[in-house]
Amino acid sequence: MVHALNEIHRTLKPNGILIDLRPVEENWSVEVVSTSSTQRVSSAGWQVSGRLIDQPIGVADDEAAFKAMREVESNGWFIREKEEEFAFFYYWDTPSEMKEFMEEEWEDFEKLDDDVFRRTNSLWASANADARVRVRVKMLITKWQKNGR
Amino acid sequence: MTTLQKDPEGFEKKTIHKFVDFTNARVLEIGCGEGRLTWKYAAASSLTVGFDPDHSALRIARADMPHDLHKEVHFADASANHIPFSKETFDIAILAWSL
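Line by line, the protein sequences are chains E and C.
Mapping of the first sequence onto our numbering: position 35 corresponds to residue 36, and the numbering continues sequentially without gaps.
Mapping of the second sequence onto our numbering: position 36 corresponds to residue 599, and the numbering continues sequentially without gaps.
A couple of the hints might just be wrong.
List time: in silico EDC-like cross-link candidates among lysine to aspartate or glutamate, alpha-carbon distance up to 20 angstroms [unchecked claim]:
no.: 1; chain 1: E; residue 1: K14; chain 2: C; residue 2: D570
no.: 2; chain 1: C; residue 1: K569; chain 2: E; residue 2: E82
no.: 3; chain 1: C; residue 1: K603; chain 2: E; residue 2: E86
no.: 4; chain 1: E; residue 1: K139; chain 2: C; residue 2: E572
no.: 5; chain 1: C; residue 1: K581; chain 2: E; residue 2: E82
no.: 6; chain 1: C; residue 1: K577; chain 2: E; residue 2: E85
no.: 7; chain 1: C; residue 1: K577; chain 2: E; residue 2: E84
no.: 8; chain 1: E; residue 1: K14; chain 2: C; residue 2: D584
no.: 9; chain 1: C; residue 1: K569; chain 2: E; residue 2: E26
no.: 10; chain 1: C; residue 1: K581; chain 2: E; residue 2: E104
no.: 11; chain 1: C; residue 1: K650; chain 2: E; residue 2: E26
no.: 12; chain 1: E; residue 1: K83; chain 2: C; residue 2: D584
no.: 13; chain 1: E; residue 1: K139; chain 2: C; residue 2: D570
no.: 14; chain 1: C; residue 1: K569; chain 2: E; residue 2: E104
no.: 15; chain 1: C; residue 1: K603; chain 2: E; residue 2: E85
no.: 16; chain 1: C; residue 1: K581; chain 2: E; residue 2: D114
no.: 17; chain 1: C; residue 1: K581; chain 2: E; residue 2: E86
no.: 18; chain 1: C; residue 1: K577; chain 2: E; residue 2: E101
no.: 19; chain 1: C; residue 1: K576; chain 2: E; residue 2: E101
no.: 20; chain 1: E; residue 1: K100; chain 2: E; residue 2: E85
no.: 21; chain 1: C; residue 1: K569; chain 2: E; residue 2: E101
no.: 22; chain 1: C; residue 1: K650; chain 2: E; residue 2: E101
no.: 23; chain 1: C; residue 1: K569; chain 2: E; residue 2: E98
Which stretches of chain E does chain C cover? Using the computed rule of at least three CB atoms under 8 angstroms from a CB of chain C, they are [claimed, not checked]:
no.: 24; stretch: 17–25
no.: 25; stretch: 28–35
Read the hints as simulated data drawn from the structure, not as lab findings.
Each residue gets a CB set at the ideal place from its N, CA and C atoms; glycine is no exception.
Turn these sequences into a full structure, and let the hints guide you.
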């Protein structure tokens, strides 16, 4: 990882910019969302039905990424200019589609607990017909400026 | 058929443009995948090179490439461990969900 950052440093022009954009594991919330409110989906248009469970591989990946960036910062390759968190949503029409996606794509990173799936299904089923489900992924974006040549 | 939608609110696009100006920049994107993020800034750049080790994702990225970006955007099966460009080539590098 640090070797890759060294390569990026080499190919950037003086004062070039590195943008590190990535999801950060933090028991992302599962939500039922509807454009019209009901007794069970708030007037805000969404309701949290539970949280995903971070998996060890994903947590270790995050730790390795943070460690690599700390290393390149401490050895002076890049200077941290700006950092921000924002939400990135994944939407599905049904809880079953969400579950299927997670089992296929996120197996190593996040787990959907059976209880959370049941709660999501129940909330979704009793909401209005336009209800969908979503996962709120925590994103971190950091702007780094190349230091030195 | 899955109904998956990613970031329909466009928060990612808004945030990345708030962080960096792509106008006439030479951009390297590491982990471009199917080009989902690439299409959100490439039109402003003078050159965009997307790397990804996933052949099938790159096939989709090439197939989805808007016609007017054929000259500015290039995709390659590569990783950041060996970037086949000489030093000081790019203004901006993006680690896209790949660190």
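Each hint tested on the structure:
1. E:K14 - C:D570: Since the Cα atoms of E:K14 and C:D570 sit roughly 31 angstroms apart, the hinted pair is violated (cutoff 20 angstroms).
2. C:K569 - E:E82: violated, 28 angstroms
3. C:K603 - E:E86: holds, 19 angstroms
4. E:K139 - C:E572: Cα-Cα ~15 angstroms, so holds.
5. C:K581 - E:E82: holds, 13 angstroms
6. C:K577 - E:E85: With a Cα-Cα distance of about 12 angstroms, the restraint between C:K577 and E:E85 holds, given a limit of 20 angstroms.
7. C:K577 - E:E84: Holds, because 14 angstroms separates the two Cα atoms, which is no more than 20 angstroms.
8. E:K14 - C:D584: holds, 15 angstroms
9. C:K569 - E:E26: Judged against 20 angstroms, a Cα distance of about 17 angstroms means the pair holds.
10. C:K581 - E:E104: Given pair C:K581, E:E104 is violated - Cα atoms ~34 angstroms apart, limit 20 angstroms.
11. C:K650 - E:E26: violated, 34 angstroms
12. E:K83 - C:D584: holds, 14 angstroms
13. E:K139 - C:D570: holds, 12 angstroms
14. C:K569 - E:E104: Cα-Cα ~17 angstroms, so holds.
15. C:K603 - E:E85: holds, 19 angstroms
16. C:K581 - E:D114: violated, 36 angstroms
17. C:K581 - E:E86: holds, 13 angstroms
18. C:K577 - E:E101: Between C:K577 and E:E101 the Cα gap is close to 29 angstroms, so the pair fails against 20 angstroms, i.e. violated.
19. C:K576 - E:E101: With Cα atoms ~27 angstroms apart, C:K576 and E:E101 exceed 20 angstroms; violated.
20. E:K100 - E:E85: violated, 29 angstroms
21. C:K569 - E:E101: holds, 16 angstroms
22. C:K650 - E:E101: Not satisfied, since the Cα-Cα distance of roughly 44 angstroms exceeds 20 angstroms.
23. C:K569 - E:E98: holds, 14 angstroms
24. 17–25: With 8 residues in contact (Cβ-Cβ under 8 angstroms with chain C), the coverage given for the stretch 17–25 of chain E holds.
25. 28–35: violated (count 0)
In summary, the numbered hints that this structure violates are 1, 2, 10, 11, 16, 18, 19, 20, 22 and 25.
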